[in-house]
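Asker: Residue 1 is where the sequence shown starts when you use our numbering, and the numbers rise one by one after that.
Rather than coming from a laboratory, the hints here were simulated on the basis of the structure. Just so you know, these numbers come straight off a predicted model, no measurement behind them. Even glycine gets a Cβ: it sits at the ideal position worked out from N, Cα and C. Be a bit skeptical, because a hint or two may be false.
Said to hold, decoys possible - Straight-line C-alpha distance at most 25 angstroms; calculated SDA-like pairs for lysine to any residue:
#  : residue 1 : residue 2
1  : K152      : R119
2  : K152      : G46
3  : K152      : L129
4  : K152      : L97
5  : K152      : H117
6  : K152      : R133
7  : K152      : R115
8  : K152      : P47
9  : K152      : V39
10 : K152      : R134
11 : K152      : I130
12 : K152      : P38
13 : K152      : D13
14 : K152      : L11
15 : K152      : V45
16 : K152      : G12
17 : K152      : A15
Said to hold, decoys possible - Taking CB as the label site, the calculated pair distances span:
#  : residue 1 : residue 2 : range
18 : R67       : E132      : 25 to 31 angstroms
19 : P47       : Q118      : 17 to 23 angstroms
20 : P29       : D101      : 22 to 28 angstroms
21 : V103      : L34       : 20 to 26 angstroms
22 : R151      : E74       : 30 to 36 angstroms
23 : R27       : G153      : 31 to 37 angstroms
24 : W102      : L19       : 24 to 30 angstroms
25 : P64       : P156      : 32 to 38 angstroms
26 : P156      : E105      : 29 to 35 angstroms
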Amino acid sequence: MLAYVGLGSNLGDRAGYLLQALSLLSRLPETRLLRLSPVYETDPVGPPQPPYLNLVAEVDTGLPPQRLLEALLEIERALGRERKERWGPRTIDLDLLLYGDWVLEEEGLEVPHPRLHQRAFVLVPLADLIPERRHPVLGHTFAELLALLDRKGVRPFVL
1 MLAYVGLGSN
11 LGDRAGYLLQ
21 ALSLLSRLPE
31 TRLLRLSPVY
41 ETDPVGPPQP
51 PYLNLVAEVD
61 TGLPPQRLLE
71 ALLEIERALG
81 RERKERWGPR
91 TIDLDLLLYG
101 DWVLEEEGLE
111 VPHPRLHQRA
121 FVLVPLADLI
131 PERRHPVLGH
141 TFAELLALLD
151 RKGVRPFVL
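Use the sequences and the hints to build the structure in full.
Answerer: Structure below.
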């Protein structure tokens with residue numbers, strides 16, 4: 001199954017955390033890392049904090065969505081993620097954005113990610129990878145959804 005994972009970091013060695021997370025993601029069972037979006041530096045959402053580095057990874061996985069989410073949370077813990085405040089700073093953040101065209105709403109898991117179409121820091125890199133793919137719920141392509149958003153605060157970044 002093709003899945004899309006959003007990655008972000010705004011504490012410490014941001015690029016280093018992204019690279020470590022990608023390395024761990026590529027080693028998950030039944031999972032292959034296929035493509036990466038460009039990296040963007042983005043203004044934070046929430047309380048005052050440093051800017052983020054964000055990208056989206058396309059993976060082919062045999063893991064069911066709940067197990068993939070659990071693996072993403074394990075990667076976050078391995079890289080020192082502490083969940084202290086909502087939308088607070090973090091060493092690494094991994095979000096399951098899409099899992100095929102599935103629509104799921106379970107305890108602790110909602111796919112597609114409920115706010116992905118509202119956040120330029122997710123939608124810009126996702127549209128880089130799959131501009132013509134349609135959002136499973138909204139029906140618009142990701143390029144169309146991106147055209148509705150303000151890209152202010154999203155800048156290309158070279159690792």
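Asker: Please go over all the hints and tell whether each is borne out by the structure.
Answerer: Going down the list of hints, with the structure as the test:
no., hint, result
1, K152 x R119, "11 angstroms, holds"
2, K152 x G46, "16 angstroms, holds"
3, K152 x L129, "20 angstroms, holds"
4, K152 x L97, "21 angstroms, holds"
5, K152 x H117, "15 angstroms, holds"
6, K152 x R133, "23 angstroms, holds"
7, K152 x R115, "17 angstroms, holds"
8, K152 x P47, "18 angstroms, holds"
9, K152 x V39, "15 angstroms, holds"
10, K152 x R134, "23 angstroms, holds"
11, K152 x I130, "21 angstroms, holds"
12, K152 x P38, "17 angstroms, holds"
13, K152 x D13, "24 angstroms, holds"
14, K152 x L11, "21 angstroms, holds"
15, K152 x V45, "12 angstroms, holds"
16, K152 x G12, "24 angstroms, holds"
17, K152 x A15, "21 angstroms, holds"
18, R67 x E132: 25 to 31 angstroms, "29 angstroms, holds"
19, P47 x Q118: 17 to 23 angstroms, "18 angstroms, holds"
20, P29 x D101: 22 to 28 angstroms, "23 angstroms, holds"
21, V103 x L34: 20 to 26 angstroms, "22 angstroms, holds"
22, R151 x E74: 30 to 36 angstroms, "32 angstroms, holds"
23, R27 x G153: 31 to 37 angstroms, "32 angstroms, holds"
24, W102 x L19: 24 to 30 angstroms, "29 angstroms, holds"
25, P64 x P156: 32 to 38 angstroms, "35 angstroms, holds"
26, P156 x E105: 29 to 35 angstroms, "34 angstroms, holds"
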